[in-house]
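Those sequence lines, one after another, are chains S and U.
Start counting the first sequence at 1; every next residue gets the next number (the working numbering).
Start counting the second sequence at 1; every next residue gets the next number (the working numbering).
The hints are simulated quantities; they were obtained by calculation from the structure and are not laboratory data.
Here a beta-carbon is modelled for each residue, glycine too, at the ideal position from N, C-alpha and C.
Some clues are possibly wrong.
To give an idea of the chain S side of the interface with chain U (calculated C-beta under 8 Å), a few residues [what the hints assert, rightly or not]: (1) D10; (2) T36; (3) R374; (4) F417.
Quick list of simulated restraints, FRET-style, between CB atoms [said to hold, decoys possible]: (5) U:P200 <-> S:E180: 50 to 58 Å; (6) S:E254 <-> U:M281: 43 to 51 Å; (7) S:G41 <-> U:K399: 14 to 22 Å.
Number of protein chains: 2
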Amino acid sequence: MQQIKVTLSDSEIPRQWYNIQADLKKPLDPPLHPGTGQPLGPQDLTPIFPMALIEQEMSPKQFWEIPDEVLQVYALWRPTPLQRALRLEKALGTPARIYFKNESVSPAGSHKPNTAVPQAYYNHLAGIKRIATETGAGQWGSAMSLATNFFGIKCTVYMVRVSYDQKPYRKSMITTWGAEIYPSPSEHTNAGRAALAADPDTPGSLGLAISEAVEDAATHDDTNYSLGSVLNHVCMHQTVIGEETLKQLKVIGEKADVVIGCIGGGSNFAGLAFPFLREKMAGMEVKVVAVEPASCPTVTKGVYAYDFGDTAHMAPIIKMHTLGHTFIPPGIHAGGLRYHGMAPLVSRLTEDGLIEPIAVPQMECFESGVLFARTEGIVPAPESTHAIRGAVEEALKAKEEGKEKVIVFNLSGHGHFDMSAYDAYFAGQLSNYHYPESMVQAALKNLPQVG
Amino acid sequence: MQQIKVTLSDSEIPRQWYNIQADLKKPLDPPLHPGTGQPLGPQDLTPIFPMALIEQEMSPKQFWEIPDEVLQVYALWRPTPLQRALRLEKALGTPARIYFKNESVSPAGSHKPNTAVPQAYYNHLAGIKRIATETGAGQWGSAMSLATNFFGIKCTVYMVRVSYDQKPYRKSMITTWGAEIYPSPSEHTNAGRAALAADPDTPGSLGLAISEAVEDAATHDDTNYSLGSVLNHVCMHQTVIGEETLKQLKVIGEKADVVIGCIGGGSNFAGLAFPFLREKMAGMEVKVVAVEPASCPTVTKGVYAYDFGDTAHMAPIIKMHTLGHTFIPPGIHAGGLRYHGMAPLVSRLTEDGLIEPIAVPQMECFESGVLFARTEGIVPAPESTHAIRGAVEEALKAKEEGKEKVIVFNLSGHGHFDMSAYDAYFAGQLSNYHYPESMVQAALKNLPQVG
Chain S
1 MQQIKVTLSD
11 SEIPRQWYNI
21 QADLKKPLDP
31 PLHPGTGQPL
41 GPQDLTPIFP
51 MALIEQEMSP
61 KQFWEIPDEV
71 LQVYALWRPT
81 PLQRALRLEK
91 ALGTPARIYF
101 KNESVSPAGS
111 HKPNTAVPQA
121 YYNHLAGIKR
131 IATETGAGQW
141 GSAMSLATNF
151 FGIKCTVYMV
161 RVSYDQKPYR
171 KSMITTWGAE
181 IYPSPSEHTN
191 AGRAALAADP
201 DTPGSLGLAI
211 SEAVEDAATH
221 DDTNYSLGSV
231 LNHVCMHQTV
241 IGEETLKQLK
251 VIGEKADVVI
261 GCIGGGSNFA
271 GLAFPFLREK
281 MAGMEVKVVA
291 VEPASCPTVT
301 KGVYAYDFGD
311 TAHMAPIIKM
321 HTLGHTFIPP
331 GIHAGGLRYH
341 GMAPLVSRLT
351 EDGLIEPIAV
361 PQMECFESGV
371 LFARTEGIVP
381 APESTHAIRG
391 AVEEALKAKE
401 EGKEKVIVFN
411 LSGHGHFDMS
421 AYDAYFAGQL
431 SNYHYPESMV
441 QAALKNLPQV
451 G
Chain U
1 MQQIKVTLSD
11 SEIPRQWYNI
21 QADLKKPLDP
31 PLHPGTGQPL
41 GPQDLTPIFP
51 MALIEQEMSP
61 KQFWEIPDEV
71 LQVYALWRPT
81 PLQRALRLEK
91 ALGTPARIYF
101 KNESVSPAGS
111 HKPNTAVPQA
121 YYNHLAGIKR
131 IATETGAGQW
141 GSAMSLATNF
151 FGIKCTVYMV
161 RVSYDQKPYR
171 KSMITTWGAE
181 IYPSPSEHTN
191 AGRAALAADP
201 DTPGSLGLAI
211 SEAVEDAATH
221 DDTNYSLGSV
231 LNHVCMHQTV
241 IGEETLKQLK
251 VIGEKADVVI
261 GCIGGGSNFA
271 GLAFPFLREK
281 MAGMEVKVVA
291 VEPASCPTVT
301 KGVYAYDFGD
311 TAHMAPIIKM
321 HTLGHTFIPP
331 GIHAGGLRYH
341 GMAPLVSRLT
351 EDGLIEPIAV
361 PQMECFESGV
371 LFARTEGIVP
381 APESTHAIRG
391 AVEEALKAKE
401 EGKEKVIVFN
411 LSGHGHFDMS
421 AYDAYFAGQL
431 SNYHYPESMV
441 QAALKNLPQV
451 G
């Protein structure tokens, strides 16, 4: 019998998060105040974040100790397995060895709890009694409702109405974990009431849900806001993925030639890739590939510029790859990848030539996702099929070249709550959206004149 | 940080299944032919089962080597973690130490693939090209469609129509794994056509779906039938669960005082409990508890007698605990526990005084299931909440007695495809069904006059 999984014990969970800000050639451009356009200081963020997270967001410190209380929760499902995709290799006829980091084993079904748990912990420590957040497809809302349980605080989730109606079982899961959940726009905030007054039948949007959650947090003393991707501290919390993977590869004496993750806001990719990028900067030869949807190609087709993080101009202005904050991405099923911007750290590292971004079409992703399900068993989340597609393309390249490459990708989550997407795929109802170039060109005219 | 999980490596997957038939005080009463009432020989089963499985079904051999090809598939998710439920303990304020074996980590989300994989393998080895099977709630149909992929054979699933309509995402998952799936009754069999002719709007039943799958297998040379519980070889394949658990407890120097599983057909319970019962027969002190639904109390209220396994009298007559094959259990959400009979091995071992059966009401199960989700993270399948309830009751007893008991239960699966049950629970739409005693009394008058 051939070894399939590299499993580590509880005691081998990494004890530190890695902050790649420490190793940048020059510091990140500062976030700007959405109202004044002036650089943001820590104090500007205190109405919605605890100081511990603000420090992590802005600090150049290279490693941060993971608190025991967080490790104790991580241990419910971490370390996650690093798994050899032997059957996928055989199906592709590739000489490459393909490994995937299986983040789908968390109770919420994705990598998201890696940051939801420390965010809940630091808020609890700061005396916060409730966290308000938004969710689009539902992965992040699930993760935060799970995480708040462990520290005895409450959670309010604003879920984009169209998803709330289309994915009722995400809502059920969030309720089972004890959070309150409202379809957004809701009657609970000024932003929501205004949107409902303008159009009672609006399907909602992620931008609007963010506005509702931020308003809820800013207007309640005991409540903070929480974000599931993009920000520096979120990317840092996710680095447990890559640190474990480095250990696991060492255990079996393998060296990654290619490391792959999908990018929407950037956090699952950052989690796997940043520790490898540290090693790359120290001399390791490794190609690091970020895979985005061809219909929302933020990094491959966007500009690197200051832009708003949300449509309502409530979030900070940040320097990142963007398709313009007024751009509305096509309705692909990988809802977690439908974002106009990108984590500033992922953007900068791409600009610095450390990351190779590629864009792949929806149909090819589902094709590779189904192949993965039938060879390796796990039905992947639509987002994760982008990473799978990236790995398949690298494996086929290795086959052409006759090279024994080692390919490692992040399986960021399972698709148990996305089965309607597979139904649509098998029913022949999906297609490859064209890249809406003219819409992007129009949106790019709306960038703020700052920086 | 306190250790939460006991993880084993791929190389520690058990190499043998344990056949408890070898250790019975006297052999099981033979299965009888449903037509003649005479004892069945191996040849009677060859139209629908491969000889390798018939041998395992009827043999007193104590240990069976697990083939390498099966181990290689098990390694996709096995060994499964044995996990300490620290937070659940704290919530209950119990001095007991509670452990659960986490079978929810398989790609299908339950213990079912443990037997689906060897069944697919032995059929493939016998030259069979397709497996026909039935599914009620969908767990078994998922597992078999997953398993057939690994050996290049096809799968046809007859899914009880009411579940087919109510749980569309189980159907999606089965389709994603490449199986064909029909709502039962279907137009594909005589049994199905007859049922549709009698009532075009029938919701179907598990008994009828069995009849369709058996007919499909019996009338196609290249096709066999497959069952997901009850039978001896099915229980045997599941013993990897208990063998791993024994190893894992040994690693951390723990000794189980109480071992708990839920019972419907009996297979997940058998999988955890039989290896412990072997040790118990050899002198280990351990209490073994089987938990069934109060509204379908096969073992606690049924009779131990020969009865048909299905409503259509196509399956063998077996000696077991039964509420009568004409009894239709109330519509509890733990669909996998709605069966009138019980695995003959579980029944016999209960008669022999080795197993203590208890019955628990639906509402208490959901209450404990939600407590489990909020403390340990995983949202359990409704079936598994029965085992959780059993563990909670033992833990509260330990608290009363002030005893540091070690409680081990089987978390047979997650509830990702059962979220509508949780919705109904939170909406106040569920209740405790009364035990329908008069219906059972009526059904028990229909037992076959044999044996």
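Now the hints, each set against the structure:
Given the 8 Å rule on beta carbons, the hint for S:D10 holds: about 5 Å separates it from the nearest Cβ of chain U. Look at S:T36: its Cβ only gets to about 42 Å from chain U, farther than 8 Å, so that hint breaks. Interface restraint check for S:R374: the shortest CB-CB distance to chain U comes to about 5 Å, inside 8 Å, so the restraint holds. Hint status for S:F417: holds, given a least beta-carbon distance of 7 Å to chain U, under 8 Å.
The given range of 50 to 58 Å is broken by U:P200 and S:E180, whose C-beta atoms sit roughly 44 Å from each other. Judged by the Cβ atoms, the range 43 to 51 Å given for S:E254 and U:M281 holds: they are separated by roughly 45 Å. Between S:G41 and U:K399, the C-beta spacing of about 52 Å breaks the proposed range 14 to 22 Å.
Of the hints listed earlier, those the structure fails to meet are numbers 2, 5 and 7, in rising order.
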